[in-house]
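K.L.:
Listed here are the chains, written in short residue letters.
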Amino acid sequence: MGPDGPERAVDRQMTFGQATVEALSIAMRADERVIVLGEDIGWGGNFGQFRGLLKEFGPRRVIDMPISESIIMAVSVGAASTGMRPVASMSFVEFTMGAMDEIVNQAAKFRFMFGGQTSVPLVLRASDGVLRSSAAQHSESFEAIFAHIPGLKVVAPATAADAKGLLATAIADDDPVVYLENKRIGSSRGEVPDGEYFVPLGRARIAREGRDVTVVCYSVMVTYALDAAKVLAEQDGIDVEIVDLRTLVPLDMATVDASVAKTGHAVIAHEAWRFGGFGAELAAQISERHFGRLGAPVARVGAKHSHMPFSPPLERAVAPQAEEITHAVRTTLAHRARAVATGRDAGRT
Amino acid sequence: MGPDGPERAVDRQMTFGQATVEALSIAMRADERVIVLGEDIGWGGNFGQFRGLLKEFGPRRVIDMPISESIIMAVSVGAASTGMRPVASMSFVEFTMGAMDEIVNQAAKFRFMFGGQTSVPLVLRASDGVLRSSAAQHSESFEAIFAHIPGLKVVAPATAADAKGLLATAIADDDPVVYLENKRIGSSRGEVPDGEYFVPLGRARIAREGRDVTVVCYSVMVTYALDAAKVLAEQDGIDVEIVDLRTLVPLDMATVDASVAKTGHAVIAHEAWRFGGFGAELAAQISERHFGRLGAPVARVGAKHSHMPFSPPLERAVAPQAEEITHAVRTTLAHRARAVATGRDAGRT
Amino acid sequence: MTRKAVADHPLESADLRRLYETMVKIRIFEERVQELFLARKLPGFVHVYLGEEAVATGVCDALQPGDYITSTHRGHGHAVAKGVRLDPLMAELYGKETGVCRGRGGSMHVADFSLGMLGANGIVGGGFGIAAGAALTSKLLDLGRVAVCFFGDGGINKGTFHEALNFASVQQLPVVYVCENNQFAQFTARERTTSVEDLSVRAAGYGIPGHTVDGNDIEAVRGVAGDAIDRARRGEGPSLLVMETYRYGGHFVGDMEEYRDKAAVEQQRDRDPIRRAETILLARGVDEAELAKVREAARVEVELSVEFAEQSPYPDASTALDGLFATPVVQS
Amino acid sequence: MTRKAVADHPLESADLRRLYETMVKIRIFEERVQELFLARKLPGFVHVYLGEEAVATGVCDALQPGDYITSTHRGHGHAVAKGVRLDPLMAELYGKETGVCRGRGGSMHVADFSLGMLGANGIVGGGFGIAAGAALTSKLLDLGRVAVCFFGDGGINKGTFHEALNFASVQQLPVVYVCENNQFAQFTARERTTSVEDLSVRAAGYGIPGHTVDGNDIEAVRGVAGDAIDRARRGEGPSLLVMETYRYGGHFVGDMEEYRDKAAVEQQRDRDPIRRAETILLARGVDEAELAKVREAARVEVELSVEFAEQSPYPDASTALDGLFATPVVQS
Ligand SMILES: Cc1ncc(C[n+]2csc(CCOP(=O)(O)OP(=O)(O)O)c2C)c(N)n1
Ligand SMILES: Cc1ncc(C[n+]2csc(CCOP(=O)(O)OP(=O)(O)O)c2C)c(N)n1
Ligand SMILES: [Mg+2]
Ligand SMILES: [Mg+2]
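Chains as they are written, first to last, in numbering that gives the first Met the number 0: chain A, 0 to 348; chain Z, 0 to 348; chain C, 0 to 331; chain U, 0 to 331.
Keep in mind that the hints were calculated from the coordinates and are not lab data. Among these hints, one or two may not hold up.
[Unchecked claim] Only part of the chain Z face toward chain C is listed, based on derived beta-carbon distances under 8 Å:
id: 1; residue: N45
id: 2; residue: R59
id: 3; residue: G114
id: 4; residue: V339
[What the hints assert, rightly or not] Computed cross-link-like contacts, DSSO-like style, restricted to lysine-lysine with a CA-CA straight-line distance of at most 30 Å:
id: 5; chain 1: A; residue 1: K303; chain 2: A; residue 2: K229
id: 6; chain 1: C; residue 1: K40; chain 2: C; residue 2: K292
id: 7; chain 1: U; residue 1: K138; chain 2: A; residue 2: K54
id: 8; chain 1: Z; residue 1: K54; chain 2: C; residue 2: K40
id: 9; chain 1: U; residue 1: K292; chain 2: Z; residue 2: K54
id: 10; chain 1: Z; residue 1: K229; chain 2: Z; residue 2: K261
id: 11; chain 1: U; residue 1: K40; chain 2: Z; residue 2: K303
id: 12; chain 1: A; residue 1: K261; chain 2: A; residue 2: K229
id: 13; chain 1: Z; residue 1: K303; chain 2: Z; residue 2: K229
id: 14; chain 1: U; residue 1: K40; chain 2: U; residue 2: K261
id: 15; chain 1: U; residue 1: K292; chain 2: U; residue 2: K40
id: 16; chain 1: C; residue 1: K40; chain 2: A; residue 2: K303
id: 17; chain 1: C; residue 1: K261; chain 2: A; residue 2: K54
id: 18; chain 1: C; residue 1: K292; chain 2: C; residue 2: K138
Computed from a predicted model, the values in this text were never measured in an experiment. Ideal Cβ positions, reconstructed from N, Cα and C, are used throughout, including at glycine.
All chains should be built: construct the whole structure from the sequences, respecting the hints.
P.N.:
The following block contains the structure:
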């Protein structure tokens, strides 16, 4: 599991969970102030994100917490503002709701309301997203809520490499970072760089280059968008560009702007609810910044305005699917075609 | 204070607080299942919203709660789903963060996740907004968060009459309703209808008719928009139409659409943070639904991405002011003028 | 804290037999659920109640039909004990339209409000305040009902425990808090996260009675719970009961259980609540054949529920958004 | 629970005099703040510490400079007792750039991290976990520091109390929880919302010592707090101390206090901590003139702080967005 082992030269394919352990153990070896707190983390975590840490770093630094979400967070704020760098874990993002007071009213405000006297270098990690009938209390995504709160940085990796690199940066960052791991991609594998590896916050990634339309997304939706792009290329000859935001705060609008300026069309996709989701902010900004130069309205794909039902056919109906991205792209480009035909084109030439 | 008193025929000017008491006492007289729970409510509430209720209805139905926000909410969910109609009070909306688990994971989900077996007819009321240097933990607005969560209805009155009529409807509604009272208008006065009075949820109000630009807003921002409209009419000859949404969920897009279709320009204003605020959803929808027919990008006015500082000059700099609406309207209309001049007009004729 | 003895509460044989039947029904239901899950017949994940049957059984037996219970993520046993029929219960675990929650809830949200079963809940500690709220309804509308809140030894460390017990005590609500101390919260042994050994000492912080009970002794459970429920119904306020029991299986079905010793688990089977009830019944002259008949009847009922569930339709995808609001809303 | 007596902890006269000085400084500071607020010199709203001076004074006197405290919405007294200078403290209440938080925090958020004063906090119960976190830092980095969490009789009903005390006990953290039982939470008397009369019984739920102390007896406060802090520093874990005191003023300055009897408040002045300290000092032969000098010195210091605050500039509006992030972010 160590980054310096004999596996260095060989296969660097690993799961998100393994990439996470790697980021954590490298950070913990380098800095004794990095600690991990959470329920049951001694036993490795739901996706193996903590596997081996208890053994290597012992129970002083890998702290199995009582089922007390408020205090997991408050203790992290107290420790962070007195010199530690805690990584607080809440297995499912829904459990962060039990710590919202500490997240919103303390972690996010401490630095500002005390006039910059202190900073709060903590990471709050949680798993979000839909995974096989986990139902209403274990399937949701709250990044829009976290992104709305000033003082929080929000990270949502889409690849195992980014899981490692963004987590490492989040731990090194001096501000509270909400680090969201999507459940569905938690066990998917990818090539992960060896040793110390940092991906900066606020730098989006072009996950696929394309000419016709920009899909702005993050986390699991990057996978869905890649699937959709393949279908669209094959069936429609549509060339999709995919922007993986990686971090919502800071938000890399420069990369989004460059892509939309090129394609003239934008589709936004996230697994969270469409209504009031982070896609609304993106759509509002893109609509404003590319006013008169878009070939079609910005389309948004997200969960329907409902909670996640248990029954598989219902879950599929509420959660956004790859086909919805495909559909949104087709509609977007059809809009432009129709507009051109009827002489109502708004801009891009 | 009773609606049937001798004051019936005379002055019906009253504050939000008085209008609220009226709605509550009428509902409590009519239905023994209506109860009120909150900290210190026996003593009348910060804005007199509960004044006299303890005396009239006694401590069984007007329950002074311990400082236990989680349980204020959870008890309300339990009581509501077994037949009561609780009105839960959290003096400042920041304190709802300590009850988010109960709001998001229980109140909002109960009906759906139990397959419609029960409903949760409760009202959660809280004061939000900026009021004279209340600083970071007593000045914020979270309506974007509540509106994002399926299963919650969200109400934000702008007038004393609506305070009464919307609260009455919220209490009568069979779903959980988050009822947000802005602190700055809490003591402002207005004409309030006598006796039983209901304002439906999901019906916006034209607070001012106008031809040139639509300002979409709610709560205290309606007051600001009216101030801005006056200035714009006098100084610029701009005729502003103001849509007071009244409720965010359900959202009356029909009224917004009709107004924007007429004016061709939209400015959105709320006191909450602009970034990721409810205005993003509105801007995204308006941009989509009026694509190619807007004279300018949808403008958004909201708090800067920061927490509320204590010091008055800083507070003014972070919180949105009436002048920002004025400025946004001017910029919006200037954009159209410029676009017409350069032949880049996108639509409206 | 009192460690109440069995002898305090000898049960009539007929009563014990009834309790035995319920325990057996839960046991067989849960064993079957486990199998079905491993055979990939059930979506999601499931937490079973194996080994803890005496708690739900004894407590719910002391309740009246209108009384309320709140449950946990490990809620099948509570549902069965509160009288939920196996057909819609099993169908719910399958995600079928005929389930108690029309397939919307699944294992972690089984509920039957018509029977006062206010839902299994996926949020640990979610029931503390909900039970208090139901008790408040009973008090304010003079319904004479009692609410029972089941929760785990892990849940007792949630802040909501504290807030609810304080509130319930101040208001003298008719609610009984029943801790199922099965020694584990997920993969973590109780003593690693909990500051006291005897959990019922926490009652003193709220000025209410607290009792620690052998939760695998159905007679003790029934007796102590009956007393606390009666007390609550008389308007004398809440109690905290801590039932010492043990979780035979993993936290969820499929759990590898690397965190504990298989031998320690096996040893706990000596305290098996069902076997202990059998021993008493046999000693009192009940026939082994009669007990076998009870088990067989349960098996048949469970099999029928599996058949019912298998043959039931899935919900129609077009209904996916139904039921979010009681007063529907068109949200764009 | 032990009600510790004064006699257990007689203080040297020099020590008592030092404590007297601090109490007087807090008293005069708060009286002046009250005046300034009513004269509309201070923005926002303020909660003063009048009548409770012995608690912060006695507890903080037992701390070492590197030790941590967390405070409440009623935090001026804690700040003064922990050594925050009056100039930047008063300037903060004015919202001036020279304030401890550069005018960003105001009365409810006074803090001085360089002195281990981790902030007044506008969220009741906000300090429980933060103090535990600071204690965790001390433990993990072997700093030998202790954290004290001040909180109110209202705050003791927050779930965070329960979660924090359990955690602190499990981890045997060097933290002392000090409840300022001033009999009211806002406008509501303690007994209307709290299930136990003697709050320190709650310690038993976490396996830690709990003591109820006459919080207006500076010697008792200093003594009991000193013991608990020493114990924490030795690694023997947390304690809960309940200081019985009284809030002379309204909840906030301007509160009409319709909910209580003025006479009852006046009666409490017989227990005034400062007058009681004076009586002892005089009995031990200290001159009244010397005490007058102490009061005069405090008055001068407070007046200087008012002058300092008045003459300080407001923050520049162009800096309004500074300091949200340690690593700044450009957010569109
Ligand atoms: C608020 C919250 N935190 C964490 C979890 C994850 N979780 C599910 S069950 C469980 C352990 C519960 O232990 P206990 O209360 O003893 O119940 P048991 O499983 O032993 O019946 C945890 C931590 C959760 N569901 N909800
Ligand atoms: C979480 C939260 N709930 C409610 C409030 C409103 N509030 C401010 S002070 C206070 C009373 C606090 O009482 P206590 O803890 O006894 O402190 P005291 O004011 O007596 O010093 C309340 C309810 C708050 N600030 N935070
Ligand atoms: Mg357990
Ligand atoms: Mg108090």
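K.L.:
State for each hint whether it applies.
P.N.:
Results for each hint:
Below 8 Å, beta-carbon pairs count as interface contacts, and N45/Z has none with chain C, the closest being about 22 Å; its hint is therefore violated. Checking R59/Z against chain C by beta carbon gives a least distance of about 6 Å; that is within 8 Å, so the hint holds. The criterion of a C-beta within 8 Å of any C-beta in chain C is met by G114/Z, whose closest approach is roughly 3 Å, and the hint holds. Because the smallest distance between the Cβ of V339/Z and any Cβ of chain C comes to about 30 Å, over 8 Å, the interface hint for this residue is violated.
Annotation: proposed proximity of K303/A to K229/A holds, straight-line Cα distance about 25 Å (limit 30 Å). A C-alpha spacing of about 28 Å is found between K40/C and K292/C, which places the hinted pair at or below 30 Å, so the restraint holds. At roughly 20 Å between alpha-carbon atoms, K138/U and K54/A fall within 30 Å of each other, so this suggested pair holds. Using a Cα cut-off of 30 Å, the hinted pair K54/Z and K40/C is violated, with the two alpha carbons roughly 58 Å apart.
With a C-alpha separation of about 51 Å, the suggested pair K292/U and K54/Z falls outside the 30 Å cut-off, and the hint is violated. About 20 Å separates the Cα atoms of K229/Z and K261/Z, which keeps this hinted pair within 30 Å; it holds. For the given pair, K40/U sits about 27 Å from K303/Z by alpha-carbon distance, which is consistent with the 30 Å threshold. A hinted pair counts as satisfied when its Cα atoms are at most 30 Å apart, and K261/A with K229/A qualifies at roughly 20 Å.
At roughly 25 Å between alpha-carbon atoms, K303/Z and K229/Z fall within 30 Å of each other, so this suggested pair holds. For the suggested pair K40/U and K261/U, the alpha carbons sit about 27 Å apart, so the restraint of at most 30 Å is met. For the given pair, K292/U sits about 28 Å from K40/U by alpha-carbon distance, which is consistent with the 30 Å threshold. With a CA separation close to 27 Å, the supplied pair K40/C and K303/A stays within the 30 Å bound.
Of the supplied pair hints, the one linking K261/C and K54/A holds, its CA atoms being roughly 21 Å apart against a limit of 30 Å. With a C-alpha separation of about 42 Å, the suggested pairing of K292/C with K138/C is violated against the 30 Å cut-off.
Violated hints, in rising order: 1, 4, 8, 9, 18; the structure is consistent with all others.
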